[in-house]
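Protein chains in written order, with my numbering: chain A, 1 to 254; chain B, 1 to 254.
Among these hints, one or two may not hold up.
Which copy? The list can't say, so a pair holds if one copy fits it or any two copies do.
[Claimed, not checked] In silico SDA-like links for lysine to any residue, alpha-carbon gap of 25 angstroms or less:
{"#": "1", "residue 1": "Lys160", "residue 2": "Ala9"}
{"#": "2", "residue 1": "Lys101", "residue 2": "Gly128"}
{"#": "3", "residue 1": "Lys101", "residue 2": "Asn234"}
{"#": "4", "residue 1": "Lys141", "residue 2": "Pro15"}
Read the hints as simulated data drawn from the structure, not as lab findings.
The structure presented is a predicted model; accordingly, all values stated were derived computationally and were not measured.
Number of protein chains: 2
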Amino acid sequence: MLETISSPAEWQRLPRTPGFSGKTVGLVPTMGALHKGHISLVNRCIKENDISVVSIFINPTQFNNSDDFSNYPKTIQKDRALLEEAGVQYLFLPTYNNLYKDGYVFKIIETDFSKKLCGIHRPGHFDGVLTVVMKLLNIIKPDRAYFGEKDFQQFILIKKMAEAFFIKTEIISCETVREDSGLACSSRNNLLKPGDKKIAPEFHHTLKQKIPTEETERKLEKFGFKVDYIKDLNERRFGAVSLSKIRLIDNVKQ
Amino acid sequence: MLETISSPAEWQRLPRTPGFSGKTVGLVPTMGALHKGHISLVNRCIKENDISVVSIFINPTQFNNSDDFSNYPKTIQKDRALLEEAGVQYLFLPTYNNLYKDGYVFKIIETDFSKKLCGIHRPGHFDGVLTVVMKLLNIIKPDRAYFGEKDFQQFILIKKMAEAFFIKTEIISCETVREDSGLACSSRNNLLKPGDKKIAPEFHHTLKQKIPTEETERKLEKFGFKVDYIKDLNERRFGAVSLSKIRLIDNVKQ
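My request is simple: use the sequences and hints to build the entire structure.
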């Protein structure tokens, strides 16, 4: 039975209720519009913890583009059904005012890796991600938190943030889940126009080819992608592209 | 008996040892060179908590001036004796590498109040303060933490940071302790030249006079102070001055 928790205070009262003591808690932070990728995180979370919490919060501070924020897909009824079916116990559904009483004057920033890859193209994005994740970790205090490898840069930054600030939550990554076409599952895939949807899988196919990054870029541009970057770093190839302003990211081990 | 804890890991093992369970923990974060002001925080901490921890760490990231950092007084043997005498149980004495494994690439910043008053004159200072305090709070996990009102802007920022990031520690301020002359106790007072030490009490005397801030500034300059600012805010008058490059701050209720 999925229980909805709609404020930090409500969650913070729970550990004092019967049945909570000594149990491990896992958290899957999401922005909703749940897909197979999220569900794989949820399944692992359920397997590894006594209590599973999924948060849904479309975090405005991590959107550097207001259209991207307002167009972000919202499918809360469907999400709820998926979580119920998966066997999640708690849906954490805070409001902006719950999380940002300070009006986002307090931020976590990272001055090195967050300025590379997506950081170059989305100024302020990772400040918003790190800040909201820190808040969620401090509210829920999970033993483990789960993040998808599609957002590999995000995962690394969150893992290092937890270490830098002595947060005891184990930060765990799960392999990218893909559609049959090879396209990495993403909530933004729903926003692709039918024609673009057909081209989109070429992003992954081209990214995994063992050719120089410049050639990858040229190939993608020929398909009709606008390329933000293709870059090799720490034995991974990272890429960000867009089709009619819908931005897609992906990365593959080299 | 004062026990020294020299790494985060060492502290984190303690709660699992006998005698710790269910006890309240109080923290007084300091940079050492302890004086009557610190001891008043320590005494309150001891009174209100079962276990008292004092941290001593001269935090380089909050010094915007490298001379100020290298000249900061170090009196660890005397500090230890004072803490032992006061009845503190734990001295937390981490190294830079303990606290900043990340090399200070992760920071807490505040974009509003931290840019006023001292923030104008000490760029980056409050980033360093907030970052180190967040680390200390996350390591020690105290029920209460104590800060002096001499650093009123710092106290407000730390209190609001704890709220913004859902940190359960109660952030408590204690009234400024003054020398008989009225000069606010400060580790930096030890660095004043004998002639400057005689002038220094005029800072507090002039600050508390109910005259316009411009007149306060003029009076202080006549005494020989270099004035960073005198400013009224939220029913307090705040000031920062220096004598031969030794910086003093103070504030009074209006």
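Name the hints, by number, that the structure is in violation of.
When the structure is compared with the hints, none of them turns out to be violated.
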